[in-house]
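Protein sequences, first through last, are from chains A and B.
With our numbering applied, the first sequence corresponds to residues 36 to 241, in that order.
With our numbering applied, the second sequence corresponds to residues 36 to 241, in that order.
Just so you know, these hints were derived from the structure itself, not from any lab.
Hints should not be assumed to be uniformly reliable.
One copy or two, it doesn't matter: identical chains are merged, so the pair holds either way.
Calculated cross-link-like contacts (lysine to any residue; reagent style SDA-like; alpha-carbon spacing at most 25 Å) [what the hints assert, rightly or not]:
1) K169 x R208
2) K70 x A81
3) K88 x D214
4) K89 x G170
5) K94 x E217
6) K137 x L229
7) K169 x L216
8) K41 x G185
9) K70 x N189
10) K70 x K94
Fair warning: this is a prediction, and the values are worked out from it, not measured in the lab.
Number of protein chains: 2
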Amino acid sequence: MDFSSKLLENAVYEMSQLPGIGKRTALRLVLHLLKQPEERTSRLSAALENLRKKIKLCKNCHNISDVELCEICSSPKRDRTLVCVVEDIRDVMAIENTSQYKGLYHVLGGKISPMEGIGPQELTITSLVEKARKGGIKELIFALSSTMEGDTTNFYIYKQLEGFDISTSTIARGISVGDELEYADEVTLGRSILNRIPFEGSLKAN
Amino acid sequence: MDFSSKLLENAVYEMSQLPGIGKRTALRLVLHLLKQPEERTSRLSAALENLRKKIKLCKNCHNISDVELCEICSSPKRDRTLVCVVEDIRDVMAIENTSQYKGLYHVLGGKISPMEGIGPQELTITSLVEKARKGGIKELIFALSSTMEGDTTNFYIYKQLEGFDISTSTIARGISVGDELEYADEVTLGRSILNRIPFEGSLKAN
Numbered sequence: 036m037d038f039s040s041k042l043l044e045n046a047v048y049e050m051s052q053l054p055g056i057g058k059r060t061a062l063r064l065v066l067h068l069l070k071q072p073e074e075r076t077s078r079l080s081a082a083l084e085n086l087r088k089k090i091k092l093c094k095n096c097h098n099i100s101d102v103e104l105c106e107i108c109s110s111p112k113r114d115r116t117l118v119c120v121v122e123d124i125r126d127v128m129a130i131e132n133t134s135q136y137k138g139l140y141h142v143l144g145g146k147i148s149p150m151e152g153i154g155p156q157e158l159t160i161t162s163l164v165e166k167a168r169k170g171g172i173k174e175l176i177f178a179l180s181s182t183m184e185g186d187t188t189n190f191y192i193y194k195q196l197e198g199f200d201i202s203t204s205t206i207a208r209g210i211s212v213g214d215e216l217e218y219a220d221e222v223t224l225g226r227s228i229l230n231r232i233p234f235e236g237s238l239k240a241n
Numbered sequence: 036m037d038f039s040s041k042l043l044e045n046a047v048y049e050m051s052q053l054p055g056i057g058k059r060t061a062l063r064l065v066l067h068l069l070k071q072p073e074e075r076t077s078r079l080s081a082a083l084e085n086l087r088k089k090i091k092l093c094k095n096c097h098n099i100s101d102v103e104l105c106e107i108c109s110s111p112k113r114d115r116t117l118v119c120v121v122e123d124i125r126d127v128m129a130i131e132n133t134s135q136y137k138g139l140y141h142v143l144g145g146k147i148s149p150m151e152g153i154g155p156q157e158l159t160i161t162s163l164v165e166k167a168r169k170g171g172i173k174e175l176i177f178a179l180s181s182t183m184e185g186d187t188t189n190f191y192i193y194k195q196l197e198g199f200d201i202s203t204s205t206i207a208r209g210i211s212v213g214d215e216l217e218y219a220d221e222v223t224l225g226r227s228i229l230n231r232i233p234f235e236g237s238l239k240a241n
């Protein structure tokens, strides 16, 4: 693309560095900002700068937070013996939305992925093992996605925790509530049969 | 969505104000920035701020430009008697890419659209009429999209220019080069038959 303005070209270039945003979309977004009052652009860039400069990670669970210890970790209502291991803040938000979980979280910041150059030291695994060593945790729930990377990460952490008196579990995989059996993929349907639960248990969950 | 951080919530909100970007996408983009070096965010917000504050519109054609008079308007190689009326900078870029046009442009900044509250005074039509009054323009080419709004705008400008010795034309509508007739829509195919050109003319175009 040939731009008539260096300023425009630069803005489009920076915008197109965001994931999933190509040059054309970037141009559309930037032209939109130009049509809006100047204040809109100031607010956007200030919000991004502020976030990047002032953001903290909770020193206990490593979730994104404005303060040293996040709301969940500092809440007296939370069960401190239960820790759910997740990949990032989106997973925390998804689980919090269910209102079904009252324990704490541990945000890894990613999954082990040799292909992308992410090893265990890039994640917050050492901090998790440290927390386990200090005691107080009874159960660790693995809630990573069930991909090769997720499974590898689960297994790596599982191995690191050998010798500690902590039980581990993973979230249940199965047919989504309301889904038809005939449209489910075989792996999910297979797992949901293997990991079937007593009927009384399923009554309790509702 | 419940955010664990006001800074994050604010950044996601501002991001989601961009067209076509929902809350989920905004969160993904913002989290991506958080994983990147701080400098990336600074560069993005500086580029946007700079663009919004320093951008100029060419005083002749109203295209986006870094200087008072854009490259095209100040080029001695351009035919000043020919003016192509377009909606915005993207159209200028598209036509420039063809290398087939050697005249000047006039960027309207939109189309007349009562539904969106855009009247003639929101566009640069007065400036176009002023240019026509000054003389020197022989032909005006309408290159707006052939929608109701585009046609209305064309006609409005056409009416404003009555009495001036300026010929007007619109870009040709027809079957795209390389397209099969059977897949073309009827309106386009109909127009391409009505507006057929002498065979010798089509040879010249290649």
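Comparing the hints with the structure gives:
Taking the closest pair of Cα atoms, K169 and R208 never come within 25 Å of each other, the shortest separation being 31 Å inside a single copy and 74 Å across copies. Taking identical chains as interchangeable, the C-alpha atoms of K70 and A81 lie at most 25 Å apart whether they share a chain (19 Å) or sit on different chains (18 Å). Taking identical chains as interchangeable, the C-alpha atoms of K88 and D214 are never at most 25 Å apart, the minima being 44 Å within one chain and 52 Å between chains. In this assembly of identical chains, K89 and G170 lie within 25 Å of each other by CA distance neither inside one copy nor across copies; the values are 32 Å within and 58 Å between.
Taking CA atoms no more than 25 Å apart as the test, K94 paired with E217 passes in neither setting, with 46 Å inside one copy and 65 Å between copies. For a Cα distance limit of 25 Å, the shortest separation of K137 from L229 qualifies neither inside one copy, at 27 Å, nor across copies, at 72 Å. In this homomeric assembly, K169 and L216 never come within 25 Å of each other (Cα to Cα): the closest approach is 45 Å inside a single copy and 75 Å across copies. When the C-alpha separation of K41 and G185 is checked against a cutoff of 25 Å, the pair qualifies neither within a copy, at 43 Å, nor between copies, at 29 Å.
For a Cα distance limit of 25 Å, the shortest separation of K70 from N189 across copies, 22 Å, qualifies, whereas the shortest one inside one copy, 49 Å, does not. Taking the shortest alpha-carbon separations for K70 and K94, only the inter-copy value of 17 Å comes in at or below 25 Å, while the best intra-copy value is 42 Å.
In summary, the structure is inconsistent with hints 1, 3, 4, 5, 6, 7 and 8 from the numbered list given earlier, while agreeing with the others.
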